[in-house]
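Novice: Now for the letters of each chain:
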Amino acid sequence: MASVKTAGSLLVDGGKRLIAAKPHIITLYISNLLFGWFATFGLSAQVGAVTGTSLYSERLVRGFDLGVLMDLINKPEITPYSQVPVALTLSALFVVFQLFLTGGIVTQYVSNAPRIEPSRFYATCGENFWRLVRLALVFIVVAGLVAGILQAIRAGLDAATDNSPHYHAGLVLQSAMLVIQALAVLWVRMWFDLAQTQLVATGARRIRPCIGYSFKSARRGLGLYGSYVLLGTATAIVVALGLLLWWTEAPASPVIISFLILQSTLACLLVFRWWQRAIAGAWYERNIPLTAAIESVSFAPLPPESAVPEVPLSQ
Amino acid sequence: MVALLFCSSFAHGEQASPQSNAPLSNRIVRYNIDATYDPKTHTLDATEILTYKNLTGQPLSVFPFHLYLNGFQPNSTFTHEAHRDYRDEEWKPSYVGSIDIKKFEVVGQGDQTSRLQFVAPDDHNPDDRTVAQVQLPRTIAPGESVEFRIQFHDKFPEVVARTGYKGTFTMGAQWFPKVGVWWHGSWNCHQFHETTEFFADFGVFEVKLTLPQDQIVGATGVQTSSVNNSNGTKTLVFQAEDVHDFAWTADPRYRVFDDTFNGSAGPVHIRTLMQPENAAHGPRYNAIAKRTMEIFDRWYGAYPYQQLTIVDPATVRAGGMEYPTLITADTAWYLPDSLLLTETVVTHEFGHQYWYGMVATNEFEEAWLDEGINTYTEIKTLDALYGKDRSLINGKRITWGDAQEQRHSYEKSPRFDPIARYAYQFVSEHSYGGVTYGKTTCALLTLEGLIGEDRMQRALRTWFQRYRFTHPSGAEFLRTIEEISGRDLGWYFNQAIYGTEVLDYEVSSAASWPANWYDESKPAANYHSEVVVHRKGEFIFPVEVEIKFDDGSRVREHWDGKDRWTRFSYDKKARLVSAEVDPDHKVWLDMDFFNNSRLSGTSSGDARRKLANYWMTFWQLMSQALGWLA
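Chains E and Z, in that order, give the protein sequences.
Under the working numbering, residues 1 to 315 are what the first sequence spells out, in order.
Under the working numbering, residues 316 to 945 are what the second sequence spells out, in order.
Quick caveat, the hints were computed from the structure, so don't treat them as lab data.
Source: prediction; values computed, not measured.
There's no promise every hint is true.
Said to hold, decoys possible - Cβ-to-Cβ under 10 Å is the rule here; a few derived chain E residues that face chain Z:
(1) S31
(2) L60
(3) V68
(4) P85
(5) L88
(6) L99
(7) W130
(8) L132
(9) V133
(10) P254
(11) S258
(12) Q263
Unchecked claim - With a straight-line cut-off of 20 Å between C-alpha atoms, the simulated SDA-like cross-links for lysine to any residue are:
(13) K901/Z <-> Y701/Z
(14) K727/Z <-> P76/E
(15) K470/Z <-> D349/Z
(16) K711/Z <-> P254/E
(17) K407/Z <-> G156/E
(18) K75/E <-> K727/Z
(19) K407/Z <-> K481/Z
(20) K75/E <-> H900/Z
(21) K470/Z <-> E363/Z
(22) K727/Z <-> N74/E
(23) K481/Z <-> P76/E
(24) K549/Z <-> A595/Z
(25) K75/E <-> H849/Z
Claimed, not checked - Far from chain Z, some chain E residues (derived; all Cβ distances over 10 Å):
(26) S9
(27) G15
(28) P114
(29) E117
(30) R131
(31) L178
(32) Q181
(33) L183
(34) G203
(35) A240
Here a beta-carbon is modelled for each residue, glycine too, at the ideal position from N, C-alpha and C.
Pulled out of the complex, with its shape left as it was, chain Z reads as follows (with noise of 0.2 Å):
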């Protein structure tokens, strides 16, 4: 097993030891980090070593820097696009987070604080401070670096979405000033929106982290160092290596749970930390996240970084996000093996390390590339590992697939907005769960069904071989796509991935009737039967159809789908039983399965009286239940 996997990985030309010293990305920034945290404040102070190689280029005299933790304000454009999605959500004091730039130092050219500025690109908020901008008085070449010495203070806010405090738990994400990217010609720096995720240039952290003994602590990397100082705190050192971001979590609460992934690059630890509540959950964590890893080690190419960290957050507020070599979850004490959903999101959290991590696309500009592709790819391990059906509820009885629930949240509002389309553009918050990560799965799996799922797989794995440790673009992906498949899908993707055109086919009429209808005293010897189909959505795809009939034959036609509607017919001995679009569900972005098929006659109504029956018992209960006040 170990040599096929040497050989596998070797003939794909990867990285014969990823874990080794040799740089995988180009490194243009390096943070040298020393902070201090009290969680009774939940606050942070720390002096930042920004080292930035301008690899651009150009001269470079404007730097910009994100300033995320300014978002938990009530005026900041975070927490406006947040009120517009969710007017029922209170805001709370404790909600207020912030960094404060103290000093603002580049060395060679002195302190330049005064001439920081913000600036709100995206939406002129003059209120928002998530951005803050310099201008240098002397111009940085191209190949040379410039340091940058910033002091400054968080103050976390009680969590609200991905970072801050909830009881003992600290989640120390978005933190620290971080510069933006130099990215097709112009600095690429987004305020912080509330769809909206993150993207930063590869590089190497170096993070000093002091704080209370008692805290048990996770973070981006490994920890190379600990001692513990005369004041009751501890100083650790993490060192993370060709990553774009840094985060760490603390809490004196947290079970540790140790286990190892032997991968095709070498072992890898994987650290699980939990809420005690959830403890019992720590090797389901470690044994989806190890059989995930396994699978995407073998479809995609190695995990090369030495630890994977895996964090059990106390808010599902903090659960759910991914960082470099860190991952938060979630989980409840009592949920039950058959519902999946501790399973789903290690798998979802653990894909973005290659989606994002690795594959360091514009989650500003591109979620989909990011959130669609995993989503995908979840959906993929997940199905492979339970089965298609179940993935999501693997109940003895009861089912639901993965696939299943991501069409859903595509289908509530699937004309508003384009997958091609800045996160923060979309309509609402609803409106973007749905295209970015329902959508874009929907129309990978119907793409899968158009080129093969070898294809498809062999696509991705391209897709990571060559863009990862880069900042590829949406193009891109579609070009690896149509040279994998070795077709022309500009017309799909125009559609699917540019478009908000709905692809809904139905079968509109099916049935047979005597040749010699019109003579009633003889038997009929044959039949003419007739199958209409009818594009009801915009959405132009090709499909096919298969016909059944009463003696056990089966017709299978194909339908280019650019008429409007089309119409079958057939002359046999046989009565059409049914007639059934796309028969091997492969089209994915099919808004209604149900209008898919057409029986001749009628079902045996199962289905209608199962639910009958269920909607019975609940009025039943219902009624016990008022009857019960009385």
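Only chain E is shown next, with the shape it has when bound in the complex (with noise of 0.2 Å):
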């Protein structure tokens, strides 16, 4: 029950903080939307020397016929896979962009202030972007060991039930197994994202201390984990509903109702995303004093959640 009402506190503490760094979320929101415009260049002109001159695609426009896009995809001078590095390389750019703008954003959720100065936020931005990058590729290779871990569980059960006359029972081992091989890599990024605001929040020049004593952290987080749950659910309900919105009404309609269909399910992702992170900022504020700094940690027991230590952490 107590986890409950701290994942509410949460879910409204990392709210305002969300709000609070609202310019640096837009930020990113329109850096995924440029990022995504410039990836579609080189498509966009093949498609449209194909179709600016054929009767044939007004069938695209109005409705959808998909026939007449697998006909269009099947074309020689149409060719998909040749756009993917120039893409794949749009995407690793925002995603190195995402990870400059980390530092100052997690600054910012857990200063708690309206807003920090300009000259701090981009400070914190450049002093931390290799140790975030050095954290996210550690994060990469836990992630993939416990999600690679899991599937191996899944594909065996997979095996064993493949011929179980128990149709159901395989069904819903299967089903379950990929909701805790979610919920698991939840964790883990819950768990990084900790680790995360704790390298901002002390300026530590090692992550190892720092993904030690957040492991340690997020054991105790419950209430995180639930708002992080929560978020995650949310975030997979907004897909569903924003693909089922997309499937039932934007194919037929003009192009801008489909773009602002797409973009509002995408936006809402990223807000989602971030409010996870504003979480763990909230949530490290409660619990852990800033004045720690990650190299002299001791690793003692930690505190009952939202309970400040009698002892801080001294530097």
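Dock chain one against chain two, each of which comes alone in its own frame, and use the hints as you go.
Specialist: Below, the structure written as structure tokens:
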């Protein structure tokens, strides 16, 4: 019950911090949009060359005939695969840009101030960039390991239940494993969000102690995890609703309607993700004194959630 | 309605009561099989009494038999060909299947087991054991009958293709020694191949099947009795007449959905056996089955059997297959109503009751006659029920026509194989599918555009009425089309059926310019317009060309397509807006619909913007997903 209350207050607190960081989130969304737009140039030119002079392409405009789309994709001059390297590069650039801004945004989150100075914001962006890159690489390895192990278990169960007469048992088991997999990876994400927060908040140079300490913190952050799960669920619902709306309304409507539906969905995804990080910032501020320097942290047992330690961690 | 149907049936000279005892076929074979199946070991032991009536007009001393289950062995021709096309497919020990003949006796000639030998007439693969033949000591005279008594043992594989088990589900198909067909003056008994299906003589089947009492069973024909035995088993008897194969299925988990179709030949019991997880789709199966049966009854003729069994298999590998009076379909509990995959497969497999079941063409050598014609009639049926451009996906906004899907499958490999080719001689399974299903469908749709929809339907009706319960060939099909259309279509068939020529027309240019273009000081009063149509492919086909002008006028031109290109010129007050080859969209063999038209200017660009928007969204999503990792 306490965890539920904690999750609720964390959501509100995180929401406030998210609003404070609004300009940066909007910057991220616009960069996401721009990088996506750049990625369309090549394919758009190819498609335009075919559809621009053909009556047949009208069937993609009035309604959305998947058969016509397949016809288009089958044409040798339309090569979506050839556009993938450019699009992937642009995606990678977005990730780098996001990593760059992360330091500043997390500083904004943990400061709990209405708005930090731009100079401080960009200074923390620059200071933390390479440390956050290293942390991201470790996260990829850890999350990959966790997902891989669970995937192997799932595959084993799949093989074991392949010829099972209890079809439903197999299906339920598989579904349960999928949920467990998603929850586990989400927990790892939360752990590393805390590590990011700690890294930025303390200005620690080494990431390993940060990861270790955040792991211990995350184990006690049930309320934090609850709010992560809530926002993760909300994300899934928003995606489902966006797709449903697109499926039922958008294809035959003017391009602008489709654009607005899809962009609203994407904006929500971005907001929910940064809301999670804001919650991590709020939780961190409540539970760990900002003066703590990670280098000298002694990994003593952590205090209960929401309780400030009696003895501040010394520098 | 009933009276109308009766009159229609009577007018076409059909059997007044096809469900009566009067034979519909020549009943060359009679199979009496007494089989016991053990679902725990997936094995079956049986005694088969096959009575073969020699109607060949000549003495016979050699008899070949199909032993299809032996195809499921690592060195068989079937497995070799499948591995060639699907290298990533693993081989599991459970995929092994076999059929062993324990005793082979010929009544009046004694035990001939030792005289049985495996032959591989198609590829001489010494390890292929899917055909065995026996040389009898005494010939069977024309008109004489011979009785074979065969004891055999089956080991069913985990389903690789069509037959076998999966969990508690069993599909008993191609499970008994089946004699070849004397066709065109010789035995026709091919090995089992990756791409081939089956060919057999019409006859009568009486099958006794003993298996555990908890099994729910469906089979070809109708069940005539069921007796519970003291050892926990039950013995079911099935009777099927005027069919050329017998299949059965068993699963204790089946949910049964019964329905009735009242056809022009009387009521037909529809018995649908659903996997429990898909049970909600039982009524969906029955609804589309009835609607399809009604259309086939009206368009082609009566379904003469008393029952149709529809099986929802536990694995897709056993799905989408036809057997006389029994079909396997495929669905998933989560498939929404707007995705018509369930409907497509039921309509397709039911269609095979006509094109395979009754018009029993040679699936080894002329697969297009069953798969191709059947896909064409599937499309006609689904188009009639759902609309032309929405017979595969019938979404509120998103649509996809079944015909378009078939055309895509053909587009992927159009140049390797002609339609008229033995199924196992195609370059790959991919080419076989694309040409046999896709190209044949496009060829028939194009033919329909050429001779008219009504004539095409009459030709198919005639084909069915004239050749049902026989083994006609492709030449007879093409002759039927020519006869009903009243046209010599050899030029078309040579290219579409026997050739690999590709059909592709394009409007290579369409433009207008002022007649007084040299004097820019004066406004244009007249415009000169020119359209050039280019035949890009080798396939020669006459086409219509429609030219539209900005005063709303239209001109229709006809071009025989014999030259490589042609030019149409106009001097009018109006300027040209667009030119389009095949404006009525009748030429489905055309490989590229986009180049069939050309605007003199450019379009609004909405299609480009729409697709660019989706592409952008995808990559934004991808970026965010990657961002999640950081």
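Novice: Next step is simple, just say for each hint if it's right about the structure.
Specialist: Status of each hint after checking the structure:
Because the beta carbon of S31/E sits about 9 Å from the nearest beta carbon in chain Z, less than 10 Å, this interface hint is met. Hint status for L60/E: holds, given a least beta-carbon distance of 4 Å to chain Z, under 10 Å. A distance limit of 10 Å between C-beta atoms decides the matter here; for V68/E the minimum to chain Z is near 8 Å, and the interface restraint holds. Using the Cβ-Cβ criterion of 10 Å, the hint placing P85/E at the interface with chain Z is not satisfied: the shortest such distance is roughly 12 Å.
Interface hint at L88/E: satisfied, since its Cβ lies 8 Å from the closest Cβ of chain Z, which is below the 10 Å cut-off. The restraint placing L99/E at the interface with chain Z holds, with a minimum CB-CB distance near 5 Å, inside the 10 Å limit. With its C-beta approaching chain Z no nearer than about 13 Å, W130/E sits outside the 10 Å limit, and its interface hint is violated. For L132/E, the interface hint holds, since its Cβ comes within 10 Å of a Cβ in chain Z; the closest pair sits about 7 Å apart.
The criterion of a C-beta within 10 Å of any C-beta in chain Z is met by V133/E, whose closest approach is roughly 8 Å, and the hint holds. For P254/E, the interface hint holds, the least distance from its beta-carbon to any beta-carbon of chain Z being 8 Å, beneath 10 Å. Taking 10 Å as the C-beta cut-off, the interface hint given for S258/E holds, the closest approach to chain Z being about 6 Å. Proximity of Q263/E to chain Z holds as hinted, the smallest CB-CB distance being about 8 Å (cut-off 10 Å).
Between K901/Z and Y701/Z the alpha-carbon distance is near 19 Å, which keeps this suggested pair within the 20 Å criterion. For the proposed pair K727/Z and P76/E, the alpha carbon gap of about 11 Å is at most 20 Å, so the pair holds. With a CA separation close to 16 Å, the supplied pair K470/Z and D349/Z stays within the 20 Å bound. With a C-alpha separation of about 15 Å, the suggested pairing of K711/Z with P254/E holds against the 20 Å cut-off.
A hinted pair counts as satisfied when its Cα atoms are at most 20 Å apart, and K407/Z with G156/E qualifies at roughly 16 Å. The hinted pair formed by K75/E and K727/Z meets the criterion: a straight-line CA distance of about 10 Å does not exceed 20 Å. Taken as a hint, the K407/Z and K481/Z pair is honoured in the structure, with Cα atoms around 13 Å apart against an allowance of 20 Å. For a cut-off of 20 Å, the pair hint linking K75/E to H900/Z stands: about 19 Å separates their Cα positions.
Distance hint between K470/Z and E363/Z is fulfilled; the C-alpha atoms sit about 16 Å from each other, no more than 20 Å. Between K727/Z and N74/E the CA atoms are separated by roughly 8 Å; this keeps the pair inside 20 Å, and the hint holds. Distance restraint check for K481/Z and P76/E: the Cα-Cα separation of roughly 41 Å exceeds the 20 Å cut-off, and the hinted pair is therefore not satisfied. In summary, the hint linking K549/Z to A595/Z is not supported, as the alpha carbons are separated by about 29 Å, beyond the 20 Å threshold.
Simply put, K75/E and H849/Z have alpha-carbon atoms about 18 Å apart, close enough for the 20 Å limit, and the pair holds. At the 10 Å boundary, the C-beta of S9/E stays outside the reach of chain Z, the nearest C-beta of that chain being 25 Å off. Every CB of chain Z is more than 10 Å from the CB of G15/E (nearest about 20 Å), matching its label as outside the interface. With a least beta-carbon separation of about 26 Å from chain Z, P114/E lies farther than 10 Å from that chain, consistent with its non-interface assignment.
Its beta-carbon lying about 25 Å from the closest one in chain Z, E117/E satisfies the requirement of being farther than 10 Å from that chain. Distance check for R131/E against chain Z: the nearest CB is about 12 Å away, which clears 10 Å, and the non-interface claim stands. Annotated as non-interface, L178/E keeps its C-beta farther than 10 Å from every C-beta of chain Z; the closest such distance is 14 Å. With a least CB separation of 15 Å from chain Z, Q181/E remains clear of the 10 Å interface cut-off, as annotated.
Distance check on L183/E: its Cβ is at least 15 Å (rounded) from any Cβ of chain Z, clearing the 10 Å threshold; non-interface status holds. For G203/E, the condition that its CB be more than 10 Å from all CB atoms of chain Z holds, with the nearest at approximately 20 Å. A cut-off of 10 Å between C-beta atoms confirms that A240/E is not in contact with chain Z; the least separation is 13 Å.
When each numbered hint is compared with the structure, violations occur for hints 4, 7, 23, 24.
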